[in-house]
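Novice: Under numbering that gives the first Met the number 0, the first residue of the sequence shown is numbered 0, with each subsequent residue one higher.
Don't take every hint at face value.
Using 27 Å as the maximum straight-line C-alpha spacing, the simulated DSSO-like pairs for lysine-lysine come out as follows [as the list claims (entries may be wrong)]:
no.: 1; residue 1: Lys159; residue 2: Lys145
no.: 2; residue 1: Lys1; residue 2: Lys76
no.: 3; residue 1: Lys87; residue 2: Lys122
no.: 4; residue 1: Lys159; residue 2: Lys106
no.: 5; residue 1: Lys159; residue 2: Lys122
no.: 6; residue 1: Lys145; residue 2: Lys106
no.: 7; residue 1: Lys76; residue 2: Lys87
no.: 8; residue 1: Lys106; residue 2: Lys87
no.: 9; residue 1: Lys46; residue 2: Lys1
no.: 10; residue 1: Lys46; residue 2: Lys145
no.: 11; residue 1: Lys46; residue 2: Lys159
no.: 12; residue 1: Lys76; residue 2: Lys145
no.: 13; residue 1: Lys122; residue 2: Lys145
no.: 14; residue 1: Lys1; residue 2: Lys143
no.: 15; residue 1: Lys122; residue 2: Lys67
no.: 16; residue 1: Lys46; residue 2: Lys106
no.: 17; residue 1: Lys143; residue 2: Lys122
no.: 18; residue 1: Lys159; residue 2: Lys143
no.: 19; residue 1: Lys76; residue 2: Lys113
no.: 20; residue 1: Lys1; residue 2: Lys67
no.: 21; residue 1: Lys145; residue 2: Lys113
no.: 22; residue 1: Lys145; residue 2: Lys1
no.: 23; residue 1: Lys113; residue 2: Lys143
no.: 24; residue 1: Lys113; residue 2: Lys87
Simulated from the structure, these hints should not be mistaken for lab results.
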Amino acid sequence: MKSGRLNIMLFIAVTPSRSHYMDFVQIWPIPYTIPFYVRRGEEDRLKNYEDFYQLNVGVVNGYSYFEKFDNDERINKTVVLREDQLPKMLSAGRIDAYIGFNIGHEKLEQEFPKITTAPYTHKFSETALLAISQASPLSNHLPKLKMVIHNMIDDGSLDKIWYDNLQGYTPPYYYESNNGVEPDKAPGKDARSHGP
């Protein structure tokens with residue numbers, strides 16, 4: 000994205016450093032919290048942020064979780080390429096905790112009975128529906144792309160992309176173009192209402 004070799008990314012965390020080389024379409028504060036996973040019986044090892052300093056924490060290469068954690072060099076982090084590697088590593092005792100996004104709680108507990116959520120949690124970073132590289136020719140078409148992305152929300156296309164990649168999570172976007180409802184007043188968590 001920085002060099003322009005990639006044009007667009009979907010559902011990307013908004014960080015100050017990324018703002019230097021990306022433009023964002025529809026930024027919103029996600030109302031969800033980041034789940035942290037530990038082994039059953041070891042929940043007390045992660046009750047507050049400072050506990051990270053005593054743990055080996057699994058993270059995915061290139062993911063942005065929240066600014067303090069992302070930039071904290073005192074935390075011992077084990078970096079992997081795919082999130083589905085992390086529950087296996089935690090179950091095997093190769094890491095002490097990890098941050099999960101894309102594997103639903105029920106599915107995780109069925110496949111990995113040794114794993115549970117930690118008492119500590121944190122809000123997601125602000126996220127954008129779409130990020131466009133400022134080095135891409137597409138950056139000149141930002142208003143048109145904004146219109147297209149809102150049309151994709153309206154016709155359900157974005158739902159398909161979301162559920163194909165983030166099963167088990169309700170889309171956090173909402174219909175601001177149709178009814179003017181503000182994010183914190185949007186209707187419930189039904190996928191078609193796009194409530195937070």
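Novice: Please go over all the hints and tell whether each is borne out by the structure.
Specialist: Comparing the hints with the structure gives:
1. Lys159 x Lys145: holds, 18 Å
2. Lys1 x Lys76: Holds: Lys1 and Lys76 sit about 24 Å apart, inside 27 Å.
3. Lys87 x Lys122: Holds, at roughly 25 Å.
4. Lys159 x Lys106: holds, 20 Å
5. Lys159 x Lys122: holds, 25 Å
6. Lys145 x Lys106: Measuring from Cα to Cα gives roughly 34 Å; hence the hint is violated.
7. Lys76 x Lys87: This hinted pair holds, its Cα atoms lying about 16 Å apart.
8. Lys106 x Lys87: Distance ~14 Å between Lys106 and Lys87 Cα, so the pair holds.
9. Lys46 x Lys1: Status violated; Cα separation ~36 Å.
10. Lys46 x Lys145: violated, 40 Å
11. Lys46 x Lys159: violated, 36 Å
12. Lys76 x Lys145: violated, 36 Å
13. Lys122 x Lys145: holds, 26 Å
14. Lys1 x Lys143: holds, 22 Å
15. Lys122 x Lys67: Holds, at roughly 11 Å.
16. Lys46 x Lys106: Distance ~24 Å between Lys46 and Lys106 Cα, so the pair holds.
17. Lys143 x Lys122: Violated, at roughly 31 Å.
18. Lys159 x Lys143: holds, 21 Å
19. Lys76 x Lys113: holds, 21 Å
20. Lys1 x Lys67: Holds, at roughly 22 Å.
21. Lys145 x Lys113: Given that 27 Å is the threshold and the Cα spacing comes to 44 Å, the pair is violated.
22. Lys145 x Lys1: holds, 20 Å
23. Lys113 x Lys143: violated, 48 Å
24. Lys113 x Lys87: holds, 10 Å
Of the numbered hints listed earlier, those contradicted by the structure are 6, 9, 10, 11, 12, 17, 21 and 23.
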